[in-house]
Amino acid sequence: MNRFFASTVFSLALAVIFNSVASAHCQVPCGIYDAQMRFERMLEDEHTISKAQIELGKLAGSTAAQDINQAIRWVTTKEEHASNIQSIIATYFMTQQIKTDDPAYGKKLMAAHKVMVMAMKAKQSADPATAKALEDSIFDFYRAFEGKEPAFDHQH
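Numbering (mature numbering (1 follows the signal peptide of the UniProt record, and there is no 0)), first residue to last: -24 to -1, 1 to 132.
I should point out that these hints are in silico values taken from the structure, not numbers from a laboratory.
There could be a bad hint or two in this list.
When the alpha-carbon atoms are kept at most 30 Å apart in a straight line, the in silico DSSO-like pairs for lysine-lysine are as follows [claimed, not checked]: (1) Lys108 with Lys97; (2) Lys99 with Lys83; (3) Lys34 with Lys124.
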């Protein structure tokens, strides 16, 4: 039994490590991905969070087993997409794109941090206002990072 338990724990640890490494973009300056795509992914994740929060509101108060099941799935989806946003900020922008010698370093860093905090708040809440605040923070970060107004085809 102990050997089985140790083997299972080791396998799970490897899976967690492998999935973390495999899902993050490499930290080699390959130039394959660009910031625009990352912003679009974050906005897509935010839109999914917003949809999940709206659907959770529709299911609130129901005690039907299928509704409870679906609510749990919406919460899981909402949290995964908020984590995706946090990961993009951490692994792409903060480790690769926001340079310490940039004159706008502080502004970019504060805006990136706000996105991470707003993603955390969206995880904690079923209120669609948190998704809107997250969207606003992504646009604010875009302004700080790119130095121009966002031009995305993104709407709710």
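Task: Satisfaction of hint between Lys83 and Lys99, Cα-Cα up to 30 Å - done: holds (25 Å)
Open item on the list: For Lys108 and Lys97, compute the direct alpha-carbon distance and say whether it is at most 30 Å.
Closed with: holds (11 Å)
Task: Restraint status (C-alpha distance of Lys34 to Lys124 at most 30 Å) - done: violated (37 Å)
Hint 3 from the earlier list is the only one contradicted by this structure; the remaining hints agree with it.
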